[in-house]
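*Asks:* Protein chains in written order, with UniProt numbering: chain B, 1 to 373; chain F, 1 to 373.
Please note that a few of the clues may not be correct.
Listed next, the in silico SDA-like pairs over lysine to any residue satisfying Cα-Cα at most 25 Å (straight line) [said to hold, decoys possible]: (1) Lys-168/F x Asn-183/B; (2) Lys-168/F x Arg-164/B; (3) Lys-230/B x Thr-159/F; (4) Lys-36/F x Pro-39/B; (5) Lys-259/B x Leu-173/F; (6) Lys-168/B x Lys-229/F; (7) Lys-229/B x Lys-229/F; (8) Lys-229/F x Pro-42/B; (9) Lys-95/F x Thr-70/F.
Worth flagging that the hints you see were computed from the coordinates, not collected in a lab.
A quick note: this is a predicted structure, and the numbers were derived from the prediction, not measured.
2 protein chains.
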Amino acid sequence: MSATREEVLRDENLIEYLQEIARDSAFLHGVLMRTKETPNSPEVASYAPFTLFPTRVPSAVFTQVLTVQTHFNRLVDRVSQNPSFLEESLASTIKVDDFTARLFNIYKQVKEEGWAQAIVLGLNRSDYMLDQSPDGGTSLKQIEINTIAASFGGLASQTPDVHRHILKVANLLEEQNRILDNNPAAGLARGLAKAWELYGSESAVVMFLVEDLQRNIYDHRYIENELWKKNVPVIRRRFEDVCRTGHLDQRRRLFVDSKEIAIVYFRNGYMPQNYTSEQSWDARLMMERSLAVKCPDISTHLAGTKKVQQELAPAGVLERFFPDEPETVAQIRATFAGLYTLDMGEEGDKTVAMALANPDQYVLKPQREGGGK
Amino acid sequence: MSATREEVLRDENLIEYLQEIARDSAFLHGVLMRTKETPNSPEVASYAPFTLFPTRVPSAVFTQVLTVQTHFNRLVDRVSQNPSFLEESLASTIKVDDFTARLFNIYKQVKEEGWAQAIVLGLNRSDYMLDQSPDGGTSLKQIEINTIAASFGGLASQTPDVHRHILKVANLLEEQNRILDNNPAAGLARGLAKAWELYGSESAVVMFLVEDLQRNIYDHRYIENELWKKNVPVIRRRFEDVCRTGHLDQRRRLFVDSKEIAIVYFRNGYMPQNYTSEQSWDARLMMERSLAVKCPDISTHLAGTKKVQQELAPAGVLERFFPDEPETVAQIRATFAGLYTLDMGEEGDKTVAMALANPDQYVLKPQREGGGK
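Looking at chain B on its own, in the form it has when it is part of the complex (with noise of 0.2 Å):
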């Protein structure tokens, strides 16, 4: 007979047995990552942190999150395309964060030279908290969307089959039973292949852009092993590396290493830290200006900088990216947190008043990607 959830949490000695099949199992269903002293090690690897136990997410807030999702993608790549939204957006925030300034003197400069490349490749990962209201009811709290570097799609690919094994020793069956199949590898996998076919050209190359230390690569590496399995080739390449072999040739094509580069999947470039050089900045705004796909391109990543989503919530705006559609705007609005300003001024000062008054009420995040708390 089926255990509950209670009467195993109540068996410290079953609790620890677990902690081990748990971990083991994390090793045998490869949710990796490199360790913290080898990050570039090749040699040795430890697991990812994961719950125990998976999640409990009520039906009706998974089946919320799965249509909300699709507004969120369309309303980044609206939000992408609407210059005049992003530059008065960003217009506060550039003056006093230098890297911003910088990713957004890119999108000025390739706005104004042209387009090279129509497609544009979203990966996004929306992020959210459940949210548990004093009467007992869940809701959907939206902490932030990544358009840049989303990770642990690789990952995620493995949990549920962690998670079942873990269910299965602890007697745990009719949880076990729950938990879905999720393998977002192969879809982002399928949106770069899209890309790259769309690109048009066989011999050229999906290059994932990746850091220096190379902690997250199992990650990488579900993705580029399904893009292995549809026959689309894949390099990983560093900054470094664009800037040595890197160069565009009259119709901007990209190529690094004399490979044709179809797709800059970019998994690096989210952070100041990540530009070690100008020649850093250099590679980007070459990749930016190519017509390799980009995944993001320069007016999706600024799309995704928390100082826009900010300048999303107050009432009115997202009814100017969907007009015609009450609907949409109301579903992506029930998942907003408050997000509010801490430039300097009256609205500002507000923020800073409320926030002392109660800080346990409130997250700080960074402008970029990258967490933060």
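Using the hints provided, position chain F relative to the given structure of chain B.
*Replies:* Okay, now just chain F, sitting in the frame of chain B:
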């Protein structure tokens, strides 16, 4: 167009690149071992040794292996059931080899008392070399048969996918298509599950008797996970655990940590250093005396010693075990490489002289399992 292996082998850069791909692929597919430095840490792993490309095996030889394996399994079974043959074969060995003598002593005690359990499970691994004759022909030479703790069936389940990926990236597509699926972990688990079923108690468990240093734990885990899928419960215990908490009841049922043991699956106990105390030997005797199904039992363990294998080599011996099957005898004998005694006396002296005359033609193997050169 598909490349050839010779082309690939000439391209040093490609080979280097394939090594990277191969290592990461081994990680993703769970071809893992714990590291030498931290053999018991659940936090880090490395990959198990493997070849970059799969070994080519002529199809005739492959078919031969499949056929002869059944014969070898039957031979081991018949030898294990033949006390006088075991006794005669090992008489000289037990005089000089304390380890084999102690095992033989357990065998004698249990035999005198009478076997509690008629069912024995054999999970044997037969190792071969492909012998190239001067005329270019390939033939199969058996190195040894492992009747206890035969390892790497779990990891071998995963290597076809690793090789497929390497060959894909190397553009060796024709070779890639020729790789066969292989799932020995599932096969081994089927054997264990069948023995568990025959033991006939739903609440009894399969006990993996494991080493103190569990470097090869992932290999075990594959078999364990296949058992869980079949709803066969598994525990892992060391000699020390059996010493501390193991006992037999009046019906000679074995209990460890208050759990009834349906199967003792020996992944330990094949080398003298596995027995760290007299208590380990007591525990081995207790397990052998018990009603639990042993994999292998002490008779089968002894049947796998090199000495016994050597005693099977002379003309007329195989015929004693397969009196009406000349075809079986011929097929087994065709795989025999020479096995020569080093016993004191005329025959041993001849071996020594022969080996000294052509030292690169022979390997020296220890009497017991666990490697040797």
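*Asks:* Which constraints among the numbered hints does this structure fail? Numbers only, ascending.
*Replies:* 2, 7, 8, 9
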